[in-house]
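Residue-level listing of the chains:
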Amino acid sequence: MTPSGPVLLVVDDEPGILKLIERFAQKMGFEVTTAGSGLEALQCLKSKTAAVALVDLRMPEVDGLEVLRRLRVADPNCQVILMTGDASLDSAVEAIKLGAMDYLSKPLDFKRLETLLTGVRDHIERRSALLAAESRMVKQLEFNGMIGRSPGMLELFDRIRRFAPHVRAALITGETGTGKELVAKALHKAGPRAQKKFATINCSAVVESLFESELFGHVRGAFTGAVESKPGMFEVADGGTLFLDEIGELPLPAQAKLLRVLETGEVQRVGSVDMRRVDVRVVAATNRDLRVECANGRFRDDLFYRLSVVELNVMPLRERHEDIPYLTAAFVRHFSAQFGKSILGPTPAAERILLTAPWPGNVRELRNLIERICILGDDRFFSERETLACLTTSSAGRAATASATTTTSSSSSSSSSSSSSTTAPVTKKPTDLHLLADAEREHIGKVLRNTAGNKKAAALLLGVSRRALYRKLDRLGLR
Amino acid sequence: MSEHRIFVHDMKNLLGIITGYSALLLDEMQGDDSRRPDVDEIRKAGEGALALLEDWNKGARGDGRQ
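Residue numbers (numbering that gives the first Met the number 0), protein chains in the order written: chain D, 0 to 478; chain S, 0 to 65.
No lab work stands behind these hints, which were simulated from the structure alone.
Below, in silico cross-link-like pairs of lysine-lysine (BS3-like), each with a Cα-Cα straight-line distance of 27 Å or less: (1) Lys188(D) x Lys138(D); (2) Lys43(S) x Lys18(D); (3) Lys445(D) x Lys455(D); (4) Lys196(D) x Lys229(D); (5) Lys43(S) x Lys110(D); (6) Lys96(D) x Lys445(D); (7) Lys196(D) x Lys184(D); (8) Lys455(D) x Lys47(D); (9) Lys184(D) x Lys229(D); (10) Lys26(D) x Lys43(S); (11) Lys57(S) x Lys110(D); (12) Lys229(D) x Lys256(D).
Isolated chain D (complex conformation):
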């Protein structure tokens, strides 16, 4: 799985130095790429990412400081060490300001270089080991396809285990993307019907006039187009579990019939007079608040009470950050293998973004993000930049970029549920009450600060062309 060794890029216009450092670093277990000029180095970095770069300061055309400057934008995770035979305080100060890891004078002190490279290598190894440990932990934390170690999830798993043997009907609530269907499947698999059928019907995807036929079946000639007799989902799931997803979308007449089936255990195909006995466990799920729906007359009270004998709520992802590293590890492992990559996981900075993003699309959104990252990425760790770039294309993007600049707050399960209260307690007004232009100005400003004012990189992150960004800057008075 792991590539041979961390990549060291050496840039110097003196071939002898390149060879010497190559020999030295290979002995230390680095995979070495050499470039004879600043231009060549920048070319190299288009196809390859390096963990660390050793760059000569004085080179014709593109000098070391320029390589450093561009590297910081292109790949902030790449550590840069500058070296020069003609040390001056000015260039050293400039290099450190631009974010160089260190500044070595020539002839190189190999002991010092060894210390620096060992530091980089150890850091990578520690990170790899940590991510591998998280990946191993995933197996222990998994419960029927769900992963969690947060108190809320452990309680949910425990309740599923206890209810599964006995439950006849259950209601699963939770926001979109939290994994309600997985809970339903877990109830099925952990119960005595595990070997029987698990049938799903998505109530929001069925045409209103066909509900009855879908659920209970019909006989030939029951209505125009009913050329064959057809069993409904209740008959299909006989002996097993019927999962009714998005039950809140079920029209009222169908609700009444569903309730009847739940009470009598008998179904009647449309157009038939015969009753058929079915033995079906019904698990319903919704992201709506059915109590509100009942109060507004859109959902039948009696059906609600019937279903909610067992009610299982799945927490939104933002209320269980402690699970994010393990979910990430599981998705990275899955997609990395699927796409034939050797990606191990996020860098610490990328992980902070994952931990603080608001995740309106919950686990599904995290999964989709990791899939995108695994399609696009090649390096063993994915960076803050890759994460933000993939995140800005999703709904969580905007808020995530904003929260990425605030520090990570520890999770507190007792605090209120909104993510803004846990990540940015200072802001009182919700941002959606701002003028659009204000939000735009604030966001563009933040992205520009993240890219150290580099407009090309900012445009890339924002998903607009550079010209479009300039137009926006003019319009918002940011230039």
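Place chain S on chain D using the hints.
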């Protein structure tokens, strides 16, 4: 960059290669390798030349010479 500085820069690079490779060789040789003293001479000479270059460079700057 003045010619003087280019000269010092290039000299340092070349001497760095001499001292660097001799250090690498010494590192890779067994402790009882009979060629060790020879390589050590190369390394010492390289380091001596670097020190000389450094002195000359300081002197050249101090004297205000080219």
